[in-house]
Amino acid sequence: MYNEKDINEQIAWAKINEDVLRSMENPRKAYWLAVLICILMLACAAFAEYIQYTTGMGPANLNNPHMWDMYIATFVFWIGMSHSGTLLSAILHIIHADWRKPIYRFAEAMTTFSLMTAGLFPIIHLGRVWNMYWVLPYVSDRGHWPNFRSPLVWDAFAISTYLSASMLFLFIGMIPDLAICRDNARGWRKKLYTVLSLGWTGHDKQWRNFRKVYLLMACFLIPLAVSVHSIVSADFAMSIMPGWHVTTFPPYFVAGALYSGCAAIITLFVLLRYFFRFEEYMTTPIMEKTCKLTFAIAMVWTYLNLVEFSSVWYGHDIYNKELLIAKATGPYAWVFWTMIFCGSVAPFALAVQKLRRHMPTMFVVSLLLNLGMFFERWMIVAPTLSMSHSPHQWDIMWGSIVEWAIVFGSFGWFGLLFLVFVKIFPSVSMYEVKEMVFHRRRHLVNEDAAAKFHRRKDDAKSASGEPGLEGA
Amino acid sequence: MSLENLLGNWSQYRKGHEEGGFHDYEHQWGMAIDLDICIGCNACSTACYAENNLAVVGKERFEKGQAMHWLRLERYWDQNELDHPEQGASFLPMMCQQCDAATCEPVCPVAATYHTPDGLNAQVYNRCIGSRYCSNNCPYRNRYFNFYSYYEDSWPEPLNMQLNPDLTVRDKGVMEKCTFCVQRIRVAKDKARMENRPVADGEAMTACAQACPTNAIVFGDYKDENSQVAKLWKKYQVKRRLTKQKKDNPELRGYRIFEELNVDPSVMYLERVREDV
Amino acid sequence: MSKHCVMGLFSDFDEAFAAISDIRKTKVPGVSVDDVTLKSPIEHPEIEEILGERPVHVQKFTLLGAIFGVTFGFFFLSGAQATFLVQPQGGKPVVPLPSNFVLMYEMLIFFGVWCTFFAFLFLSGLLKKRHTLYSEKVSLDQVGILIDVDEDCLEPVKNLFKQHKAVEIREEVIK
Numbered sequence: 045m046y047n048e049k050d051i052n053e054q055i056a057w058a059k060i061n062e063d064v065l066r067s068m069e070n071p072r073k074a075y076w077l078a079v080l081i082c083i084l085m086l087a088c089a090a091f092a093e094y095i096q097y098t099t100g101m102g103p104a105n106l107n108n109p110h111m112w113d114m115y116i117a118t119f120v121f122w123i124g125m126s127h128s129g130t131l132l133s134a135i136l137h138i139i140h141a142d143w144r145k146p147i148y149r150f151a152e153a154m155t156t157f158s159l160m161t162a163g164l165f166p167i168i169h170l171g172r173v174w175n176m177y178w179v180l181p182y183v184s185d186r187g188h189w190p191n192f193r194s195p196l197v198w199d200a201f202a203i204s205t206y207l208s209a210s211m212l213f214l215f216i217g218m219i220p221d222l223a224i225c226r227d228n229a230r231g232w233r234k235k236l237y238t239v240l241s242l243g244w245t246g247h248d249k250q251w252r253n254f255r256k257v258y259l260l261m262a263c264f265l266i267p268l269a270v271s272v273h274s275i276v277s278a279d280f281a282m283s284i285m286p287g288w289h290v291t292t293f294p295p296y297f298v299a300g301a302l303y304s305g306c307a308a309i310i311t312l313f314v315l316l317r318y319f320f321r322f323e324e325y326m327t328t329p330i331m332e333k334t335c336k337l338t339f340a341i342a343m344v345w346t347y348l349n350l351v352e353f354s355s356v357w358y359g360h361d362i363y364n365k366e367l368l369i370a371k372a373t374g375p376y377a378w379v380f381w382t383m384i385f386c387g388s389v390a391p392f393a394l395a396v397q398k399l400r401r402h403m404p405t406m407f408v409v410s411l412l413l414n415l416g417m418f419f420e421r422w423m424i425v426a427p428t429l430s431m432s433h434s435p436h437q438w439d440i441m442w443g444s445i446v447e448w449a450i451v452f453g454s455f456g457w458f459g460l461l462f463l464v465f466v467k468i469f470p471s472v473s474m475y476e477v478k479e480m481v482f483h484r485r486r487h488l489v490n491e492d493a494a495a496k497f498h499r500r501k502d503d504a505k506s507a508s509g510e511p512g513l514e515g516a
Numbered sequence: 005m006s007l008e009n010l011l012g013n014w015s016q017y018r019k020g021h022e023e024g025g026f027h028d029y030e031h032q033w034g035m036a037i038d039l040d041i042c043i044g045c046n047a048c049s050t051a052c053y054a055e056n057n058l059a060v061v062g063k064e065r066f067e068k069g070q071a072m073h074w075l076r077l078e079r080y081w082d083q084n085e086l087d088h089p090e091q092g093a094s095f096l097p098m099m100c101q102q103c104d105a106a107t108c109e110p111v112c113p114v115a116a117t118y119h120t121p122d123g124l125n126a127q128v129y130n131r132c133i134g135s136r137y138c139s140n141n142c143p144y145r146n147r148y149f150n151f152y153s154y155y156e157d158s159w160p161e162p163l164n165m166q167l168n169p170d171l172t173v174r175d176k177g178v179m180e181k182c183t184f185c186v187q188r189i190r191v192a193k194d195k196a197r198m199e200n201r202p203v204a205d206g207e208a209m210t211a212c213a214q215a216c217p218t219n220a221i222v223f224g225d226y227k228d229e230n231s232q233v234a235k236l237w238k239k240y241q242v243k244r245r246l247t248k249q250k251k252d253n254p255e256l257r258g259y260r261i262f263e264e265l266n267v268d269p270s271v272m273y274l275e276r277v278r279e280d281v
Numbered sequence: 002m003s004k005h006c007v008m009g010l011f012s013d014f015d016e017a018f019a020a021i022s023d024i025r026k027t028k029v030p031g032v033s034v035d036d037v038t039l040k041s042p043i044e045h046p047e048i049e050e051i052l053g054e055r056p057v058h059v060q061k062f063t064l065l066g067a068i069f070g071v072t073f074g075f076f077f078l079s080g081a082q083a084t085f086l087v088q089p090q091g092g093k094p095v096v097p098l099p100s101n102f103v104l105m106y107e108m109l110i111f112f113g114v115w116c117t118f119f120a121f122l123f124l125s126g127l128l129k130k131r132h133t134l135y136s137e138k139v140s141l142d143q144v145g146i147l148i149d150v151d152e153d154c155l156e157p158v159k160n161l162f163k164q165h166k167a168v169e170i171r172e173e174v175i176k
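Residue numbers (the numbering used here), protein chains in the order written: chain S, 45 to 516; chain P, 5 to 281; chain B, 2 to 176.
Careful, some of the hints might be misleading.
[To be verified] Computed from the model, here is a short list of chain B residues facing chain S with C-beta under 8 Å:
#1 57
#2 78
#3 129
[Stated by the list, open to error] Derived DSS-like pairs (lysine-lysine); straight-line CA-CA distance at most 25 Å:
#4 249/S to 26/B
#5 256/S to 61/B
#6 195/P to 19/P
#7 249/S to 4/B
If you are wondering where the hints come from, they were derived from the structure by calculation, not from laboratory data. A virtual CB, placed ideally from N, CA and C, is assigned to each residue, including glycine.
Whole structure, please, built from the sequences with the hints as guidance.
Quick look at the structure:
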């Protein structure tokens, strides 16, 4: 119906540079307001953490069966969101889906910043935060090591690997763009970009190595992302608790992560497109493709949910079965059904083309999807703890204001990091958009030439009296 | 050097619970609790509070579930049709079961909980960073976390004089649980070692076993065949390392809670005899 | 005989590639295609054939890094576990292979990624001082062909560039 292209091939390369560099200019008032809001949110979290640090974990309303609550749920949520960049940068790169080129930069940035946010939570949720470095394997004169059997130590390894690999991937991918910024900047920015672009000159040797390195890093990042979220799911799957001791948790979590990440991409897509006037690059057809991808992942997530529910329903494990029934009908039922609605029903808006093309609708839908995913994380953590093996310790528990403040503040922290990023680094990859335009133009030219050739052949055939192609 | 260790002892280091484990146990402390004799008086729980410097947290925090009772009396009411409703009451003293294949041990990120050569599940307060995974993984939910610095207001002067000097008072952020009064076990073992003799049955006595008015709690060394505990386990045909006990006589009352989860607990309960009035 | 370095900037990519093809076909005697370097704002895999055999060595370092990560991971972890025998058993062996596999996998990726990054830095000639013949236009939308020539080959090369519609020609003397 809509015959639009992903990007206008005739766009001048100079315009690409100009548009993206303009986004990094001195910010308007709305930007500073956003920064202020993020700082205030972060201040809430800092104050709440101060209370927790000095008083103990008690103000978080944790008690004997509920030893984990919002912090772990939010931790899993942020790690999940980080899979967006990997999906877009790495997976779509390997399958040569070039529509990712205008949008993968901010997605990759989102990955790095969600990981930096997520990494705070295993530290915040500890009872003795000041000793958190004990989970790292360092040589100590007392000869003690962390317990490598524990999924929390696997978390420490996996998240640090993923964070460093993601940062490296983001940085390496940005080097040619930083060279462009360096060539067009003055003052402190010029110094910064000069250092960061590492002397990039567009030399063919540099490009050759660059292309190899980018591919290698993408190939590493994909299994890394899968393994990181599988390890995070192992925090639950390696325990014996009903509702946690589920073998489908690794793929379930990874699917949920891709889902949550894609929804966040849609949110940021709409925001960046509006605020930086990137309509030429973050076009509607690209939004449509992202929405279709999200929809597919939403259906995968729904399927895995159904698998989990039905395997519990048909099994003979009383603990698990009663827990599932309690999730759907007990005091947490409203969270459960909101999760089901936001996660499995709301994505159908992504399947309707008219809605897909309407940016404000997609913004709202993507926020709903992420709300569903947040609730899903919490539904994994809390109900199991409320209703585990020992009936004497069954309990209902809701988070306290301290927990909510810290969770709320984490969004401020993420927002602050992202806001700083978009003003210092190009949020659209200039060289990749140029490549996209170059290859599409070339493809058009080739198509044109091929069409001309076929027409000439037909003309020649008809001139010589042979039957030509009909309706060619 | 650790690599030498590794290469020299590879086969031993690869042994898990099913193959007998890495340790050769010199003692294996166990308990037998007769629920028929238990009257639910809570003397055991109170003795545990006194012996182990447990903080009394107050009504508000107890209701929130932040209590520190290492040994708790679980009360259950049988709701079925009974001639006399009081018959429905039952009590279960529940403390750390010191599982041989404890689920809490492998999940601690800093190795703050481990299995001693005594067969006890030890908690190292100094090492605990408070990640609370161990408590989440305990099927009995027997691990208690110091949500506050209870010592600040639980023992105002002169109550602080009642604290047991044989063990610490824990600060906030640290996990704790029943240790089978390991301080008493250590004293008994030290004494026996100094006098060059094995530990006699009854010499190491937990506070709860000592305080129980009806002697419902029996504590001792399972490895010592002549101890009361070992004899009780044998009498009621409950064996370790099984997830389902095979008994000659189904009337034998011995059972272990949640043993089907393959945790191998060290506490045997004797089922309450239900009267038909 | 002093060495010169000449750079021609082209806004038409096809003309620039045609110029390199000409050099390859040795239309200018004394200048071989190995002296040519191409500077461009995007990568050009299509030019690889014309530019000749220029291998990339980064992947060897990646492999080395990954293998190192796995073996170091195994011996480090098992060694730590073998030393720290107080480590909780929980029914698990002292050196649990499933846990170690997970951590070895992470270390494989960690070392693989960092080795790749350092190999990239050193092998691609990134951290060297920039040639003075750098033009900002290369980062914008033009392609630069840089050739090291002897003095007497200078004019033919410049003529070749002008033949292929070079927008700008710059030169520099290097001793």
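Practice task
Assess, step by step, whether the Cα of residue 256/S is no farther than 25 Å from the Cα of residue 61/B, and give holds or violated.
Solution key: Since the Cα atoms of residue 256/S and residue 61/B sit roughly 11 Å apart, the hinted pair holds (cutoff 25 Å).
Problem - Hint check: 8 Å Cβ-Cβ cutoff, residue 57/B to chain S - result: holds, 5 Å
Problem - Restraint status (C-alpha distance of residue 249/S to residue 4/B at most 25 Å) - result: holds, 21 Å
Exercise for the section: Go through the hint on residue 78/B and say holds or violated, using the shortest Cβ distance to chain S against 8 Å. Expected result: holds, 6 Å
Problem - Interface hint for residue 129/B, Cβ within 8 Å of any Cβ on chain S - result: holds, 6 Å
Handout entry: Hint consistency between residue 249/S and residue 26/B [alpha-carbon to alpha-carbon, up to 25 Å]
Key = holds, 21 Å
Practice task
Given the hint that residue 195/P pairs with residue 19/P, test it: the Cα-Cα distance must not exceed 25 Å.
Solution key: violated, 33 Å
In the structure shown, a violation is registered for the earlier hint numbered 6 alone.
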